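Visitor: Single-letter residue listing:
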Amino acid sequence: MLDFIVGKYNYWFYIILMVVGFYAIIGKRNLVKKIIGLNIFQTAIILFYVSISSKKGATLPILEHHGGHGEHAAIDVASYLNPLPHVLMLTAIVVMVATLGVALAILIKIYKRYKTLEEDEIVEFMKCEASK
Amino acid sequence: MKTLAFIVSFAMGALLFYGTLEMPEWGDPGSPASSHVSPHYITHAVEDMATPNIVTAVLGDYRGYDTMGETAVIFSAGIACIFLLKRRRKRKK
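As they're listed, the protein sequences go chains A and B. Using the working numbering, read the first sequence as starting at 1 and increasing by one per residue. Using the working numbering, read the second sequence as starting at 1 and increasing by one per residue.
It is worth saying that the hints were derived from the structure and are not from the lab. For clarity, every value in this text was computed on a predicted model and none was experimentally measured. There may be inaccurate statements among the hints.
Here are the computed lysine to any residue pairs in the SDA-like style, where the Cα-Cα straight-line distance is at most 25 Å [unchecked claim]:
| hint | chain 1 | residue 1 | chain 2 | residue 2 |
| --- | --- | --- | --- | --- |
| 1 | A | 112 | B | 85 |
| 2 | A | 8 | B | 87 |
| 3 | A | 109 | B | 82 |
| 4 | A | 55 | B | 44 |
| 5 | A | 132 | A | 122 |
| 6 | A | 8 | B | 17 |
| 7 | A | 56 | B | 44 |
| 8 | A | 34 | A | 97 |
| 9 | B | 86 | A | 59 |
| 10 | B | 86 | A | 108 |
| 11 | A | 28 | B | 2 |
| 12 | A | 33 | B | 9 |
| 13 | B | 90 | A | 107 |
| 14 | A | 112 | B | 87 |
| 15 | A | 127 | A | 111 |
| 16 | A | 55 | B | 33 |
| 17 | A | 109 | B | 51 |
| 18 | A | 8 | B | 12 |
| 19 | B | 2 | A | 117 |
| 20 | A | 8 | B | 81 |
| 21 | A | 109 | B | 90 |
| 22 | A | 8 | B | 88 |
| 23 | A | 127 | A | 27 |
| 24 | A | 28 | A | 132 |
| 25 | A | 8 | A | 60 |
| 26 | A | 112 | A | 39 |
| 27 | A | 56 | B | 32 |
| 28 | A | 127 | B | 89 |
| 29 | B | 2 | A | 13 |
| 30 | A | 33 | A | 119 |
| 31 | B | 86 | A | 94 |
| 32 | A | 33 | B | 11 |
| 33 | A | 115 | B | 88 |
| 34 | A | 33 | B | 5 |
Across the chosen pairs, the derived CB separations fall in these ranges [stated by the list, open to error]:
| hint | chain 1 | residue 1 | chain 2 | residue 2 | range |
| --- | --- | --- | --- | --- | --- |
| 35 | A | 78 | B | 12 | 28 to 38 Å |
| 36 | A | 130 | B | 80 | 24 to 34 Å |
| 37 | B | 61 | A | 51 | 22 to 32 Å |
| 38 | B | 86 | A | 130 | 41 to 51 Å |
Even glycine gets a Cβ: it sits at the ideal position worked out from N, Cα and C.
With the sequences and hints as input, model every part of the structure.
Guide: In structure tokens:
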């Protein structure tokens, strides 16, 4: 039972973080809070991928003793972390920043147009405009 | 509305928790994520790309076109921000 908890507790923390972000996305009315929730969600996914890549007792995926062309020392795979999730999450971080920037720019435009960031007030305003 | 959101997110959390029961343990060297493709990259990165940092080798060399497309993403996001935030000049005649 203890082995089970020790082996899996990292996933549970990411699930808690992800659920918090998801609740902020669908449950909050303020648009800024929704964007914060989106970022928490993405951060949870990034942490999840990075934790997948971990190996016990391994070091960062930067090879030591390279450059010696003569000797081909066998590289021990188990002593280096899995590099592929790190690469994918680099790409994901870049996309996250891009979406955050565009979302905040759109929020500025929404605030200039409706003078509020609460979702229900915006919807009411749009209904009033449509019925005119 | 808030209770519905809470119920939906709690259900999602419960489903994900059920999913972790089959996940490999933390730090397991023989986990599926690190046993199929990544040993090839770890062992061949220096021979193929002469870069000791495997993450850089994968990001810049193996997946170079992907990184180039990523710069297009950043560029279009920047252009979108510029067009959204650009102030229209009022001309005074």
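Visitor: All hints are to be evaluated individually against the structure, with a verdict given for each.
Guide: Evaluated hints:
no., hint, result
1, 112(A) / 85(B), "holds (11 Å)"
2, 8(A) / 87(B), "violated (51 Å)"
3, 109(A) / 82(B), "holds (12 Å)"
4, 55(A) / 44(B), "holds (19 Å)"
5, 132(A) / 122(A), "holds (16 Å)"
6, 8(A) / 17(B), "holds (10 Å)"
7, 56(A) / 44(B), "holds (22 Å)"
8, 34(A) / 97(A), "holds (15 Å)"
9, 86(B) / 59(A), "violated (47 Å)"
10, 86(B) / 108(A), "holds (11 Å)"
11, 28(A) / 2(B), "holds (8 Å)"
12, 33(A) / 9(B), "holds (16 Å)"
13, 90(B) / 107(A), "holds (23 Å)"
14, 112(A) / 87(B), "holds (12 Å)"
15, 127(A) / 111(A), "holds (17 Å)"
16, 55(A) / 33(B), "holds (11 Å)"
17, 109(A) / 51(B), "violated (45 Å)"
18, 8(A) / 12(B), "holds (18 Å)"
19, 2(B) / 117(A), "holds (18 Å)"
20, 8(A) / 81(B), "violated (41 Å)"
21, 109(A) / 90(B), "holds (18 Å)"
22, 8(A) / 88(B), "violated (55 Å)"
23, 127(A) / 27(A), "holds (22 Å)"
24, 28(A) / 132(A), "violated (29 Å)"
25, 8(A) / 60(A), "holds (22 Å)"
26, 112(A) / 39(A), "holds (24 Å)"
27, 56(A) / 32(B), "holds (15 Å)"
28, 127(A) / 89(B), "violated (30 Å)"
29, 2(B) / 13(A), "holds (23 Å)"
30, 33(A) / 119(A), "holds (11 Å)"
31, 86(B) / 94(A), "holds (23 Å)"
32, 33(A) / 11(B), "holds (21 Å)"
33, 115(A) / 88(B), "holds (19 Å)"
34, 33(A) / 5(B), "holds (15 Å)"
35, 78(A) / 12(B): 28 to 38 Å, "holds (34 Å)"
36, 130(A) / 80(B): 24 to 34 Å, "holds (27 Å)"
37, 61(B) / 51(A): 22 to 32 Å, "holds (26 Å)"
38, 86(B) / 130(A): 41 to 51 Å, "violated (27 Å)"
The structure does not agree with the numbered hints 2, 9, 17, 20, 22, 24, 28 and 38 stated previously, though it agrees with the rest.
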